[in-house]
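Undergrad: Residues per chain, in single letters:
Number of protein chains: 2
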Amino acid sequence: MPAVSALTISARDTGSRARAGVLKTSHGEVRTPAFVPLATKATVKGMLPPEVAALGYDIVLGNTFHLFLDPGHERIARLGGLHGFMGWRGPIVTDSGGFQVFSMGHGTVADEIKGRTPHGANRQGGIVAIEEEGVRFRSYLDGSERFMAPETSMEIQAALGSDLALVFDECTPLNVPRDYTARSTERTHRWLQRCLDWHAGHGPEGQLVFGIVQGGVFEDLRIESAQAVAASACDGIAIGGSLGADKDEMHTVVGWTTAQLPEERPRHLLGIGEIDDLVRGVELGIDTFDCAMPTRLGRHGVAIVPEPDARWRIELAKGRFKASAEPILEGCSWPACAGGYSRAYLRHLLKSGELLAQRLVTLHNLRFVSDVMEALWGGIAEGRLAETAAAIRRGSSPSVLLARSASG
Amino acid sequence: MPAVSALTISARDTGSRARAGVLKTSHGEVRTPAFVPLATKATVKGMLPPEVAALGYDIVLGNTFHLFLDPGHERIARLGGLHGFMGWRGPIVTDSGGFQVFSMGHGTVADEIKGRTPHGANRQGGIVAIEEEGVRFRSYLDGSERFMAPETSMEIQAALGSDLALVFDECTPLNVPRDYTARSTERTHRWLQRCLDWHAGHGPEGQLVFGIVQGGVFEDLRIESAQAVAASACDGIAIGGSLGADKDEMHTVVGWTTAQLPEERPRHLLGIGEIDDLVRGVELGIDTFDCAMPTRLGRHGVAIVPEPDARWRIELAKGRFKASAEPILEGCSWPACAGGYSRAYLRHLLKSGELLAQRLVTLHNLRFVSDVMEALWGGIAEGRLAETAAAIRRGSSPSVLLARSASG
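Residue numbers (the numbering used here), protein chains in the order written: chain A, 1 to 408; chain B, 1 to 408.
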């Protein structure tokens with residue numbers, strides 16, 4: 001266990017495991033609970049770094065796997081590390097590359113985890129061999145054979161200079177047998193130790209290392225894994241792998257896990273970010289979340305709105321918006337809504353393939369999620385999380401909740 | 001001739017026909033000489049309206065033809081006109097649709113005018129018939145037959161509510177016989193009168209109407225056309241059509257034309273905007289220019305830089321930039337250069353197909369052109385245009401010229 005926790009907890013909810021606090025990193029503080037926008041290829045898609053900060057985000061997530069393949073961690077190191085390269089002055093977390101390496105290899109099975117086509121699955125990429133030493137795979141860019149071991153992942157993350165590094169793990173998909181999951185999870189624990197050993201000798205000063213809990217959808221394996229990761233010297237704990245076939249199972253699996261985790265260490269939930277999942281995750285004691293959802297939906301013209309029955313989504317390209325003079329979200333004070341851009345205008349831009357549509361909807365989505373996190377934070381800090389969570393689940397607009405909170 | 005000119009000339013160059021002034025419109029003033037960024041489909045590609053204004057632009061150009069086909073001028077009128085629809089508070093000029101209608105029909109010949117593939121030429125669009133009454137064509141969107149007469153164009157522009165409307169003209173390509181050009185130019189003059197007649201009865205109050213000089217590359221036809229347009233009641237005069245096979249011929253044709261134009265009316269040069277052409281155009285007495293160049297190059301990762309030998313362009317996707325820590329333009333204080341984004345980073349974004357690259361390079365290009373126009377304005381106002389023009393042609397950075405001007 002680390003001597004000093006990077007997380008300072010300032011408030012706890014009495015009715016759940018939720019907590020609010022501050023995570024200290026080499027590039028500044030992260031107010032938690034927090035959502036972490038993806039900067040997969042060293043950019044939050046379509047957004048300038050100062051805009052991301054202005055949207056209320058303290059930290060972004062860069063992708064070890066993609067940046068390793070192109071333009072390469074050594075080049076990024078020479079260009080000022082990931083902070084200097086992309087011009088983001090705040091904290092950065094890098095994932096380990098494990099998820100991407102394995103989602104390429106497991107092919108369509110991995111789709112189930114994330115509900116999408118994995119990068120390169122149908123192209124020239126793919127796993128060559130999973131060995132105790134590490135993983136051999138082919139680059140989706142040029143088909144060349146590459147090797148990634150736990151030490152490689154940590155070396156790449158050291159070169160990138162991230163503030164939070166994640167250990168290299170095997171990300172098992174949903175439909176693998178318990179036996180495979182058990183053996184894989186044990187290997188992930190051995191890889192955790194190798195990552196920590198490498199980092200102790202070579203890691204950049206101040207870089208925090210997060211272990212990753214695996215164990216699939218099996219309660220005993222999740223508990224064992226949570227305990228094994230908690231027993232290591234990692235600075236924080238991430239929850240990864242397959243979390244179940246539906247939201248209920250996912251919430252159950254996350255609940256099994258957080259029940260086993262030491263209170264004082266920060267907890268990250270990997271790849272989860274739908275509005276109801278953020279609310280439940282916070283109640284289950286998660287501090288930080290990352291997810292492609294707000295930016296990916298934004299690129300496809302899907303806006304996040306306070307409509308639970310519509311999964312908090314509207315597709316602005318639909319014909320029903322062609323004459324709509326409404327903004328995306330009435331009462332929102334941010335440029336995408338308050339700038340006078342109607343749903344009809346956004347639909348026109350989307351139909352015309354205009355970049356501005358992607359920018360405006362992404363901007364809106366990131367702001368919506370940021371407001372949800374701030375509302376949840378306020379709920380914990382002010383001792384009324386149950387009320388805030390219920391309001392969000394009912395479809396209250398987070399900006400309205402924030403305005404109400406600010407006014408007393 | 002209009003009773004009162006919309007243009008107030010505040011300074012004239014003694015060594016050329018250049019002048020600086022202010023063009024008054026219903027939505028505010030345009031400082032001239034000015035470049036007009038394209039907002040073809042009701043958006044300056046990738047930019048928010050307040051960003052375009054902050055870049056130093058007073059006016060943008062919307063496209064009558066594209067907006068007529070989709071989403072339709074009537075819908076735009078119901079959504080607050082083009083100003084309300086796109087959220088741009090300043091002046092807007094709309095072209096007449098003539099160029100687009102004819103560039104579809106003349107097919108590859110029209111490529112010569114603009115050096116590009118015309119919209120829809122290889123798709124289902126195209127001209128059905130050019131008649132005295134107007135033009136029948138097929139929509140490039142759905143193949144449906146549409147009709148545009150001079151009155152239609154003015155009616156669309158009235159519905160869009162632009163501040164400056166352009167009359168409907170036939171835009172003749174380079175390689176048509178003199179005889180065709182002569183007959184076409186005469187018809188354009190008859191269409192000019194029909195546009196002015198329609199506008200006098202139905203045009204929105206305060207909307208200015210610009211006539212268009214045609215005449216191809218034939219000196220006598222250009223002179224005749226310039227005189228015919230000047231003799232009409234139009235508020236301003238645009239120069240259109242084929243201007244020649246190369247820059248020298250284009251400058252000659254523009255020179256023939258401006259020599260014939262009344263001093264007091266504003267002059268617009270259609271579709272021209274390369275750096276050397278802006279400098280020469282200002283010297284020849286042009287007040288405003290529009291061109292897709294800065295935004296189109298930006299979308300393709302081509303940055304405008306003060307390098308005359310490279311046609312003021314660098315392609316940031318080239319391999320030679322892969323390790324370059326330099327910004328696009330050293331000494332430029334705007335976000336694309338001063339934000340810490342290296343050429344290597346921009347190349348990475350371009351190779352990865354990231355939206356942010358298009359945004360940053362477009363931002364830079366629009367700023368560069370805006371700085372060029374401001375430097376030229378300063379040159380006229382301060383009586384040293386020859387020096388400023390020579391410095392730009394030699395490859396001085398316009399931001400450096402502006403800084404020097406401000407400090408001395």
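Rather than coming from a laboratory, the hints here were simulated on the basis of the structure. Keep in mind that the hints are not guaranteed to be accurate.
Identical copies go unnamed one by one, so any copy, or any two together, can satisfy a pair.
[What the hints assert, rightly or not] List of simulated lysine-lysine pairs, DSSO-like, C-alpha gap at most 30 Å:
#, residue 1, residue 2
1, K351, K41
2, K41, K322
3, K24, K322
4, K24, K41
5, K318, K24
6, K322, K247
Undergrad: For K24 and K41, with the copy left unspecified, which applies at a CA distance of at most 30 Å: within, between, both, or neither?
TA: So K24 and K41 pass the 30 Å test inside one copy only (24 Å; across, 46 Å).
Undergrad: Since the copies are identical, ignore which copy is meant and state whether K318 and K24 lie within 30 Å (CA to CA) inside a copy, between copies, both or neither.
TA: neither (44 Å within a copy, 40 Å between copies)
Undergrad: For K41 vs K322, is the C-alpha pair at or below 30 Å within one copy, between two copies, both, or neither?
TA: Between copies only: 15 Å across, 34 Å inside.
Undergrad: With identical chains, the pair K351 and K41 could be close in the same copy or across copies; at 30 Å between alpha carbons, which is it: within, between, both, or neither?
TA: both (26 Å within a copy, 11 Å between copies)
Undergrad: When no copy is named, should K322 and K247 be tagged within, between, both, or neither for a Cα gap of at most 30 Å?
TA: Neither: 33 Å inside a copy, 43 Å across copies.
Undergrad: My question is about K24 and K322: at a cut-off of 30 Å on alpha-carbon distance, are they close within one copy, between copies, both, or neither?
TA: Neither way: K24 and K322 sit 47 Å apart in one copy and 34 Å across, limit 30 Å.
In the structure shown, a violation is registered for the earlier hints numbered 3, 5, 6, in ascending order.
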